[in-house]
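> Spelled out, the chains give:
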Amino acid sequence: MGHPSRTPAGAAPAAHGTGLDAASDPRGVREGAASPAPSRGRRRAALLTCGMAAALAALCLLSAGLGAYDIPVGDVMGSLLHRAGLGGAPLDRVGESVLWNVRLPRVALALLVGASLGCAGALMQGVFGNPLAEPGVIGISMGAAVGAVASIALGLSFLGTWTISVCAFAGGLVTVLLVYVLSRSGGRTEVVTLILTGIAVNAFAGALVGLGVFLADNAQIAQIAFWQLGSLAQATWPKVLAVLPCALAGLAVAPWYARKLDLLALGERPARHLGVDVERLRLVLVLVVALLTAAAVAVAGVITFVGLLVPHLLRMAAGPAHRFLVPGSALGGALVLVAGDLAARTAAQPAELPLGVLTALFGSPFFFWLLRRTRRKQGGWA
Amino acid sequence: MSARALRSFLARRGGRRLPGPVVAGSVRAEARSLHVRLGGRAVLAGVDLTVRAGEVVALVGPNGAGKSTLLAALAGDLPAESGEVRVDGLPAGAWSAGELALRRAVLPQTAELSFPFTVGEVVRMGRAPWAGTAAEDEDGAAVRAAMAAADVAGFGPRPFAALSGGERARVALARVLAQRTALLLLDEPTAALDLRHQEVVLRICRERAAEGDAVVVVLHDLGLAGAYADRVAVLHEGRIAADGPPARVYTPELLSRVYLQPVDVIDHPRTGEPLVIPRREG
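First to last, the sequence lines map onto chains S and W. Quick note, this note's numbering runs 5 ahead of the 1-based positions in the first sequence. Quick note, this note's numbering runs 10 ahead of the 1-based positions in the second sequence.
Treat the hints loosely; a few may be bogus.
As the list claims (entries may be wrong) - Label-pair restraints from in silico Cβ distances:
no.: 1; chain 1: W; residue 1: Gly49; chain 2: S; residue 2: Ala352; range: 56 to 64 Å
no.: 2; chain 1: W; residue 1: Leu48; chain 2: S; residue 2: Leu318; range: 41 to 49 Å
no.: 3; chain 1: S; residue 1: Arg381; chain 2: W; residue 2: Val37; range: 48 to 56 Å
no.: 4; chain 1: S; residue 1: Trp374; chain 2: W; residue 2: Arg249; range: 50 to 58 Å
Claimed, not checked - Computed footprint of chain W on chain S; a stretch qualifies when at least three of its residues, placed anywhere within it, have a C-beta under 8 Å from a C-beta of chain W:
no.: 5; stretch: 134-148
no.: 6; stretch: 270-276
no.: 7; stretch: 318-327
Since the hints were made in silico from the structure, they are not lab data. This structure is a prediction, so every number in the text was calculated from the model and none was measured. Even for Gly, the Cβ is constructed at its ideal location relative to N, Cα and C.
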């Protein structure tokens, strides 16, 4: 949407005939008063929020119950209520152990990782002013994985259970900054530059991960292979606790910047003219993106396309205003990942599909469609 | 880190200096022996310009003379190599981004948008600087008035990207008007517009000046500048070659020299305003 709008003065009719018609929306034909649009968007946003929250709650219960050892949803509720001291009844010993030591940490982890990835995607697209930006696509997830792999392969443990998270954060941060510096020119990020930078960064990070594998022993290699596929199979409560602060900090800060991200859609200078300290905004949000991505990657490995798909679908459904998009993407990301993990666990029972493979399987065609659409709008890659 | 960012974010919101009432004829912005260098080239080489409340100042001159650079400098976008820019009595750099946004609004040459916001949402963005102040109450009224003035009142629910170039320019203008600042800086607001809308835009400038605001507008059309501006500043190679009422500035000698194109200046037979006509011989 950004680039075709740079119509040179006076060339409006020509531009109208080529790129813009494809971009025009059927809504454009409808004329009316100025007020209905925002309120309609807000109503949709409220509906979507309620719908996603309800679906998420239902899926969480379902996911906690389904698996090799089935627990009826009613019993899951009962056990939850019992532990919360609100009545209900505990399960038998095996059921209780499966639910509380295997299923629930996994659901909790899926929630955290999904919310982090969805939110990071929405922020990233806003900061870059580019709907194709996503932590996985432009290489930040891989950068964080390099940090994690390095800490495993080199046997680092200077911060205890936090070591992998901190290394993942460092790797992610360095990569975000690198991509940001490399892919910008004249205050804008062109799609092609961004994607190509992502390819280069992913290739380099892949090489570093390969180096880590080469240096690692057999036990470490098994651990590293897990990063590359992306999975929630090793979920435990300590892991949940290890990412919780990172994810919550990122998710709590992000919505404060929603209105400023809206203004950034006008371009950097106009945003500054409207009172946004653009440099500061960028710096804070890049840090938040690195934090969220690192949180996700540290426990689940590389899970791509969630941050691309979710904000996009929500933008199509309820408009691009970030006040809904940022928290909505967190909610939607959690929903997608809980559903994805449930599918990964149960689709090929008793075997388990790697979650990262599953999201890529569905995400890649969507990404391809998005590329085609963007290209059609721009009338080719400028 | 996040907690600190949050705290300072809140602190800055509370600690902003709000603009006081504007005194008629007071200086809204000025450039003092301003030198600006861009990409190694001296684009402005000693510019003095004062803009007062209640006047429309037109910046004209050939391509590359430094009009847009001067406008950007007055907006506080560009660092001065030497000299200074003052906005509302203080050096531009002494204001925070949020404080400047309460004092001046800027219309860029081209209107861009990264995401499919509707026209109504884009115009409402102009109210963002006033969030958290008493003026927030007039958001709705300011947006409606601005959209009516820029002749885009019926465009509210339409996606910005589906508009033509001229329509986008008017929506961008509505956003700038909705900001309701005492200083308006407009960079070629008429470039993409048809004849009627060019007149509409300059009438808006006059109305805002009559209400006590200061307006600086970059124009290519000397006729428009002559008809609507109180003062015309002619830029030439990074300097101000002339600055004054159109009738005094528009001389064939000056304009022919600055534009490297011989011109005649004649008075309109009915209104008497100066008309600039290129001399086309042979």
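> Now tell me, hint by hint, if it's right for this structure.
Structure-based check of all given hints:
The beta-carbon spacing between W/Gly49 and S/Ala352, approximately 58 Å, falls within the hinted interval of 56 to 64 Å. The hint said 41 to 49 Å for the Cβ distance between W/Leu48 and S/Leu318, and at roughly 42 Å that hint holds. Between S/Arg381 and W/Val37 the C-beta distance comes to about 51 Å, which sits within the given range of 48 to 56 Å. The given range of 50 to 58 Å is respected by S/Trp374 and W/Arg249, whose C-beta atoms sit roughly 54 Å from each other.
Residue count for the stretch 134-148 of chain S with a Cβ under 8 Å from a Cβ of chain W: 3. That meets the three needed, and the coverage hint holds. Under a criterion of three residues with beta carbons nearer than 8 Å to beta carbons of chain W, the stated coverage of the stretch 270-276 of chain S is upheld, 5 such residues being counted. Against chain W, the stretch 318-327 of chain S contributes 4 residues with a C-beta closer than 8 Å to a partner C-beta. That satisfies the three-residue criterion, and the hint holds.
Checked against the numbered hints given earlier, the structure satisfies every one of them.
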